[in-house]
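So the chains spell out like this:
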Amino acid sequence: MRIEAVALRYRYPRAASEALRGASVGAASGSSLAILGPNGCGKSTLLGALIGNIAPSSGRVLLGGRDLATLAPRAAARLVAFLPQFERMSFALSALEYALLGRAPRLGAFAQPAKADEDAAYRALEGAGAADLAGRRVNELSGGELQLVRIARCLAQDTPAIVMDEPTSMLDPAHARMVADAVRALAASGRTLVFSTHDAAFAAYAADEVSLMRGGSDQFRGPVAEALEAGRLASCFGVPFGAASAPSAFFR
Amino acid sequence: MPRSPDDLRARSGKVLLLALAGLALLAFCLLAGRYPRPGLLDPRLLSSDATARAIVLGSRLPRLAAALLLGAVMAAAGNAFQMVFGNPLVEPGFLGVSQGAALGAALALVAGARSEFVVAGSAFGFALAALAAAALLARAFPFGGWVLRLVLAGFAVSAFMSAGLALVKYAADPLRELPDIVYWTMGSLSGASWRRLGFAAIPALGSTAFLVAYRWRVTALSADEAVVRSLGARPALSRALVLAIASAGVAAAVAMAGAVSWIGLVVPHAARLMFGADARRSMPASIALGAYFAALCDTIARAAFPGELPLGAVTAVIGSAAFVALLARGKVPVAR
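So the protein lines, in turn, are chains A and B.
Residue 1 is where the first sequence starts when you use this note's numbering, and the numbers rise one by one after that.
Residue 1 is where the second sequence starts when you use this note's numbering, and the numbers rise one by one after that.
Mixed in with the good hints, there may be bad ones.
Said to hold, decoys possible - Some but not every residue of chain B turned toward chain A, in silico, with C-beta under 8 Å:
| hint | residue |
| --- | --- |
| 1 | Arg34 |
| 2 | Met83 |
| 3 | Gly86 |
| 4 | Ala220 |
| 5 | Ala223 |
| 6 | Ala236 |
| 7 | Met274 |
To be verified - A few chain A residues that face chain B, going by a derived Cβ cut-off under 8 Å, partial list only:
| hint | residue |
| --- | --- |
| 8 | Ile51 |
| 9 | Arg74 |
| 10 | Ala77 |
| 11 | Phe82 |
| 12 | Ser90 |
| 13 | Leu93 |
| 14 | Pro113 |
| 15 | Asp132 |
| 16 | Val239 |
| 17 | Ser245 |
| 18 | Pro247 |
| 19 | Ser248 |
| 20 | Ala249 |
| 21 | Phe251 |
| 22 | Arg252 |
What the hints assert, rightly or not - So these bits of chain A aren't anywhere near chain B, every CB distance computed over 10 Å:
| hint | residue |
| --- | --- |
| 23 | Gly40 |
| 24 | Ser58 |
| 25 | Ala75 |
| 26 | Val80 |
| 27 | Arg88 |
| 28 | Glu97 |
| 29 | Pro105 |
| 30 | Gln157 |
| 31 | Pro173 |
| 32 | Ala174 |
| 33 | Ala185 |
| 34 | Ala243 |
The set of hints was computed from the structure by calculation and includes no laboratory data.
Glycine included, C-beta positions come from ideal geometry on N, C-alpha and C.
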């Protein structure tokens with residue numbers, strides 16, 4: 001399913017300036033798009049608009065050609081799953097119970113999840129490489145383990161598209177690499193992946209296309225090799241970019 | 001999916017144990033008392049002694065039923081409140097409901113209400129008014145997330161209702177009215193009857209039945225706002241629905257029994273410890289444990305000493321001790 005944002009504009013209530021100033025992005029089925037840009041450039045706001053958390057003041061979000069603004073929340077939740085950057089875990093659900101929450105858009109308000117839903121949640125944990133965590137409590141997991149379980153919650157939602165906000169920003173290299181491999185595998189399975197990051201190495205490893213954002217709009221959109229050219233990154237982030245000498249977990 | 005048979009066996013074992021302990025507790029609550037002498041009544045007297053039969057069936061049984069209902073409603077509402085607020089330290093009187101009910105009852109008593117139904121009705125009405133005030137106030141605050149605004153509004157409404165209660169107490173006749181008000185605010189089931197129970201049962205049972213049916217959604221609502229929204233729910237609407245219906249049950253229970261605290265705060269923690277956090281299991285477990293807890297506390301209030309103790313004092317003593325024990329052993333997960 002193609003996911004597309006066209007000329008989005010948005011201003012937070014009581015904010016001095018617009019967070020989105022005509023941002024446009026698009027990602028096709030079976031591909032992953034990295035939205036790259038400095039802190040405060042509007043990445044998270046753009047992702048919020050892509051999943052319907054934020055209603056843009058102008059512009060449109062299209063999910064498979066259907067205008068997101070016309071879809072009921074449950075219908076939208078069957079098309080696109082969302083991984084926020086942070087999440088507070090107030091209660092000690094097991095990883096399986098947590099992943100099971102992803103079945104919510106497919107069940108009626110008073111329904112209890114059936115065996116088939118629990119099976120789907122377990123398969124989602126397997127798909128995220130976290131099946132061995134199924135019985136563990138989410139508040140006892142490490143940051144890396146928790147991220148895999150949260151991705152499993154998105155997978156259990158069984159949507160054609162997944163949007164992830166900074167999925168590797170808090171992770172050590174091993175877990176960052178696991179998440180990056182999961183992103184690639186999901187795109188290879190035909191899903192549409194959109195994720196934000198400010199890590200060019202992660203984007204280079206996991207994305208097919210990159211959108212460079214600055215000041216609430218997209219500066220450049222294209223294949224990874226073109227987008228991650230040093231001069232372009234320098235103008236996007238405002239610091240010089242060069243080839244680093246330290247080894248990275250993101251290599252092909 | 002590999003769900004180990006050992007897990008299922010352990011869970012069934014706990015349920016069976018809880019059911020057996022519950023039956024033993026119910027029998028104990030019915031037989032404990034001061035007739036014909038302090039201690040447990042011999043069950044054989046029920047067939048031979050008409051007074052014993054009248055006491056057990058006519059007085060202790062409706063009172064036990066009222067205690068079970070009170071505990072079930074408060075604990076179910078407490079579990080729902082804690083999950084929906086994503087905060088294990090809130091209790092169901094949190095949005096001003098308990099204070100509102102107390103003010104309503106006090107006003108009715110000062111206004112000279114003789115009928116217990118007028119007092120209970122006024123308590124119920126004021127509890128719902130407090131809830132509505134908290135919700136309206138929360139909407140008016142121009143900052144913060146929905147949960148923060150509701151918490152602040154709840155504080156404000158509770159404080160307002162407490163101030164109102166203090167004024168009513170100050171103005172009340174110290175000989176005729178003040179003792180009734182004080183007694184009511186300490187909570188008691190000593191006046192329980194089938195009629196009085198019937199008055200509270202419909203909103204209380206309706207509220208609890210809703211929370212049981214909706215319990216998996218309550219688990220989902222414990223997640224962060226952005227997650228709940230991405231799962232296709234309308235978080236503010238769903239949370240408001242759960243809080244309003246849970247509060248209506250609490251209002252009915254408080255109108256029946258007076259201000260009885262601590263059940264809704266501490267019992268859900270015990271339920272989650274035994275059966276896990278998922279409300280699919282912790283909600284029914286809260287209801288069972290809350291009913292048992294209230295029944296035990298009321299039996300202590302009624303039978304442990306020659307004179308009746310206020311139920312609210314008994315639940316507070318046992319509940320706060322249990323809560324401190326849970327906190328000290330690290331059994332209450334607090335994220336901040």
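Checked hints:
At about 43 Å, the closest approach between the beta carbon of Arg34/B and any beta carbon in chain A exceeds 8 Å, and the interface hint on this residue is violated. At a threshold of 8 Å, the smallest CB-CB gap from Met83/B to chain A is about 7 Å, leaving the interface hint in force. A hinted interface residue such as Gly86/B counts as satisfied when its beta carbon comes closer than 8 Å to some beta carbon of chain A; here the least separation is about 4 Å, so the hint holds. Because the smallest distance between the Cβ of Ala220/B and any Cβ of chain A comes to about 5 Å, under 8 Å, the interface hint for this residue holds.
Interface restraint check: Ala223/B against chain A, minimum CB-CB distance 6 Å, threshold 8 Å, status holds. Because the smallest distance between the Cβ of Ala236/B and any Cβ of chain A comes to about 12 Å, over 8 Å, the interface hint for this residue is violated. About 13 Å separates the beta-carbon of Met274/B from the nearest beta-carbon of chain A, more than 8 Å, and the hint is not met. The criterion of a C-beta within 8 Å of any C-beta in chain B is met by Ile51/A, whose closest approach is roughly 6 Å, and the hint holds.
Contact between Arg74/A and chain B, as hinted, is supported at the beta carbon level, the nearest pair being about 4 Å apart and thus within 8 Å. Taken as an interface hint, Ala77/A checks out: its beta carbon lies about 3 Å from the nearest beta carbon of chain B, inside 8 Å. Interface hint at Phe82/A: satisfied, since its Cβ lies 4 Å from the closest Cβ of chain B, which is below the 8 Å cut-off. A cut of 8 Å between beta carbons decides the hint on Ser90/A: the least distance to chain B is about 4 Å, and the hint holds.
Proximity of Leu93/A to chain B holds as hinted, the smallest CB-CB distance being about 5 Å (cut-off 8 Å). Hint status for Pro113/A relative to chain B: holds, with the closest Cβ pair at about 6 Å, below 8 Å. Interface hint status for Asp132/A: violated, as the beta-carbon distance to the closest one in chain B is roughly 11 Å, over 8 Å. Checking Val239/A against chain B by beta carbon gives a least distance of about 30 Å; that is not within 8 Å, so the hint is violated.
Taking 8 Å as the C-beta contact cut-off toward chain B, the hint placing Ser245/A at the interface is violated, the least distance being around 38 Å. Interface hint status for Pro247/A: violated, as the beta-carbon distance to the closest one in chain B is roughly 35 Å, over 8 Å. The interface hint given for Ser248/A is broken, as the beta carbon of that residue sits about 30 Å from the closest beta carbon of chain B, more than 8 Å. Given the 8 Å rule on beta carbons, the hint for Ala249/A is violated: about 28 Å separates it from the nearest Cβ of chain B.
Restraint check, Phe251/A versus chain B: the minimum CB separation of about 32 Å is more than 8 Å; hint violated. Hint status for Arg252/A: violated, given a least beta-carbon distance of 31 Å to chain B, over 8 Å. Gly40/A, annotated as away from the interface, keeps every beta carbon of chain B farther than 10 Å; the closest lies near 18 Å. Residue placement check: Ser58/A keeps its beta carbon more than 10 Å from all beta carbons of chain B (closest about 22 Å).
Not every CB of chain B lies more than 10 Å from the CB of Ala75/A, the least distance being 8 Å, so the non-interface label is violated. Distance check for Val80/A against chain B: the nearest CB is about 8 Å away, which does not clear 10 Å, and the non-interface claim fails. For Arg88/A, the non-interface assignment is contradicted: its Cβ lies about 6 Å from the closest Cβ of chain B, within the 10 Å cut-off. The claim that Glu97/A lies off the interface is violated: its Cβ sits roughly 5 Å from the closest Cβ of chain B, which falls inside the 10 Å cut-off.
Against chain B, the non-interface label of Pro105/A is violated: not every CB pair exceeds 10 Å, the least being about 4 Å. The claim that Gln157/A is not at the interface with chain B is violated, since a C-beta of that chain comes within 10 Å of its own (minimum 7 Å). Even its closest Cβ contact with chain B, about 27 Å, leaves Pro173/A beyond 10 Å, as expected for a residue assigned away from the interface. No Cβ of chain B approaches the Cβ of Ala174/A within 10 Å, the least distance being about 25 Å, so the stated non-interface status holds.
At the 10 Å boundary, the C-beta of Ala185/A stays outside the reach of chain B, the nearest C-beta of that chain being 21 Å off. Consistency note on Ala243/A: stated as away from chain B, and its beta-carbon is indeed over 10 Å from all of that chain's, at 37 Å minimum.
Figure legend: structure checked against the earlier numbered hints; hints not met, in rising order: 1, 6, 7, 15, 16, 17, 18, 19, 20, 21, 22, 25, 26, 27, 28, 29 and 30.
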